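Chains as they are written, first to last, in numbering that gives the first Met the number 0: chain A, 0 to 481; chain B, 0 to 441.
None of these hints come from the bench; they were simulated from the model.
Straight-line C-alpha distance at most 25 Å; calculated SDA-like pairs for lysine to any residue:
1. B:K61 x A:E66
2. B:K439 x B:L94
3. B:K258 x B:R342
4. A:K425 x B:E286
5. B:K56 x A:L64
6. B:K343 x A:I73
7. A:K65 x A:F80
8. A:K381 x B:D329
9. A:K425 x B:D284
10. A:K416 x B:L359
11. A:K352 x A:L375
12. A:K381 x A:T357
13. B:K4 x B:A15
Note that the structure is predicted; figures quoted are calculated from it, not measured.
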Amino acid sequence: MPTEVNNIEELAIKDYKYGFETDIETDTIPKGLNEDIIRTISAKKNEPEWMLEWRLKAYRHFITLKEDPRWANITFPKIDFQDIIYYAAPKQKPVLDSLDEVDPELLRTFEKLGISLQEQKRLTGVAVDAVFDSVSVTTTFKEELSKLGIIFCSMSEAIKEHPELVKKYLGSVVPYTDNYFATLNSAVFSDGSFCYIPKGVRCPMELSTYFRINTSGTGQFERTLLIADEGGYVSYLEGCTAPVRDENQLHAAVVELVALDNATIKYSTVQNWYPGDIHGKGGVYNFVTKRGACRGVNSKITWTQVETGSAITWKYPSCILQGDNSIGEFYSVAVTNNRQQADTGTKMIHLGKNTRSTIVSKGISAGRGNNSYRGLVRVHKKASNARNFTQCDSLLIGDKCGAHTFPYIEVANPTAKVEHEATTSKIGEDQLFYLRQRGISQEDAINMIVNGYCKEVFRELPMEFAVEAQKLLSISLEGSVG
Amino acid sequence: MEKTKSKDWYLSSFKAIQESLNGSASLTTNGKSATPFHDIRKQAIARFEKIDFPTTKNEDWKYTNIAPILNYNFTPVAGAEVSAADIEKFLIPNLKTSLIVLLNGNFSPKLSKIHLESNGVRIESFRNLLRIEPDFILEHFAKYAQLENGFVAFNTAFADDGAVIYVPDNTIIDNCIHILNVITAEAENILSQPRNLIVAGRNSKIKIIEGYHSISENVSLTNVVNEIIIGESAEVELYRIQNENLNSFHINRTQAEQKKGSVFTHYSVSLGGRIMRNDTNTVLDDENCTANLYGLYLTEDSQHIDNHTLIDHAKPHCQSNELYKGVLNDNSRGVFNGKVFVRKDAQKTNAYQSNKAILLSNEALVDTKPQLEIYADDVKCSHGAAIGQLDEDALFYLRTRGIGKEEARTVLIRAFANDIFETIENEALHDYLNNLVFAKLK
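Okay, chain A solo, but in the shape it has when bound (with noise of 0.2 Å):
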């Protein structure tokens, strides 16, 4: 055996691919945090006035809140905001009409990255919105979603340009007030994607956002709202990376779903921020705030994510289900390997009547990387005939790493049905010797069992994510193989 684990420590380590830097000029901002930066990040968009107020609210409720939240178990330094950069843009031009205006860079990295914004990437039929450092760069496949009426692109666009709909949901499932980072997003967010169906509309390809980290001592700060209008449908696509760094990076997101009568939203992510070196150093703190509101009867929310990168995940992706018969589902792979350390989980909240809810969830942890499953099921009064089900695995690899769960239960009607399973185990042994004995690699067969043991959310993801969360695995757990 100990040759064996000689092998899994030294195949572990595996650089991270996605680790490189682009050199573009970029128009930044001072460093630190104070009422003047919000004015400056609101000015350089060409902001309405509104836009603007609402920003200061939410930095003056910042300033009273004391401290970050330090109740989930991972451990990090204080952060100090005053060290940041809240605005960093590629320099370009004002206004761009067509992809040949891009910086060729910028259009390389995205290459690199694997992003298809490129033309003859068309017939991967994703229309893609990519966001790099703090703006969006680049929306494709505008027009042809406009005839069908959706509405995808940039934030700051959609302020300027759909005003009304961006007031009438923007903090609507996520109130400024909600936490401490989801206050401080909404006071200094930079930029994100809007998207809106409309009413009857089936999106017919899915949309994608790919967000980039890429300037020194920045924190990304973007801002997703997503709305289904009545018997709409949207499968929506979320990636990220950045680059290698000593530091660590801020990156405090919020996202909003809001899907109304009939209306259906998959949001499926792929997180592959940079986790840090195998020591510990550097890597993304990814402090995120996504909840989705299925306000409508019949509405549905989909979370589906695999999280391997983030040297800190900390997210709850959650379904308020208020509108009847609505369903919320949640589906996660969570890896951490090295020191990574992840508290996420979801939030079911069942408010209308005969509301559903899925929960499954896959830990996997490997080195010493330390994994949380949080979640709430949380069965109000009035929603009758509720129903949940969760299953949270957690997979341990190695004997330095740490599994946890701590699923919140709380019911309040009496027609409530909610089941909770939740196992931890290594990889069988007896599966490893099957596998083993029909010829296959050690490593082979792990990747096998892992595979295996995720395949449920996996299979809820679009195909060439799937492919790309597949291997996005083997890479993470490459080495930290016992």
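Given the coordinates of chain A, assemble chain B onto it according to the supplied hints.
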């Protein structure tokens, strides 16, 4: 008259009684206490002064608001007089026991009937033993139940009487030992703080029943701490029956420490009390230990029952089983928090936990948090929690056989609750518990 703040009230009553407390007959002039035992008490009161009673801001007390307890100033009552007939109804029929009676937390030599089956066995009053053999108490007292919450510190500071059971190595005690706690009708707002110590030697075997009852409907507070040390290959079974009146408050901390190959089996039956909280913790401190924690709570009215368990797998090759069930009626509230902790070295751990609750009314509420914290990799741990109502199909099946709706419901609830007692071998005890549960379900 304005009520004194609870903390201040108890702090001043500590000052008043510390001189009369046993173990510190007098304080010497330079302020030092006369005995090391009293030093522990003083540390505990200092700790209590610092941390106070828990609030819902404390994660461990998130779902249990103890504010109603602080509306009263509880006072200890010594020297209560109760006749044997008064406590007759609290005894377990057809069961041979050694009986220790604690009235308001004080040992009653008159009512207790202790049979020492073999040499070296001790079944004693805590106060008595502290007087004649303080070293024995000091060896274990406050060594296991940490003062992390205000109630434990409170009990430790006021520790004065209770039951001490010591079983020497290689000794098996056939009869159950019944620690019968009774709150008397003598006064209102009685404070009872028994402190029990159970030490089971190597290869010993012992069954203990811990009963809690009240004679009147008066408001009272019982705040009990049990410390249990289970020697190598010893087996300890503890049956905890909490059936005080519906106006009473009950806080309990049971802390077990298990040595190599030992087995700790704990049954907790919670029926009475307006607010009741159990903290049942065990540390599996050596290899091949087994811990079985079973619990049943039935609530009605506006009862609030909170069961917290902590199984600390500190060493490898241990196993734990946990099954808690609850039936909640009216506007009562149930809380279950089961924490399984597997430390770094505790490889080959098997831990199983299950929590099930049935809500019978629209107003009842249940909050459950099964929690696993695992730092070792070669483990098998699982937990399950289910909350629901009675199975419609089963109900229908019974009704098709001509069984009335109410009766069918009763049958199903009984069957649900009965599960917990299935593993009890002693027939008299099994029947007694079943009857108790059935009586409550009516």
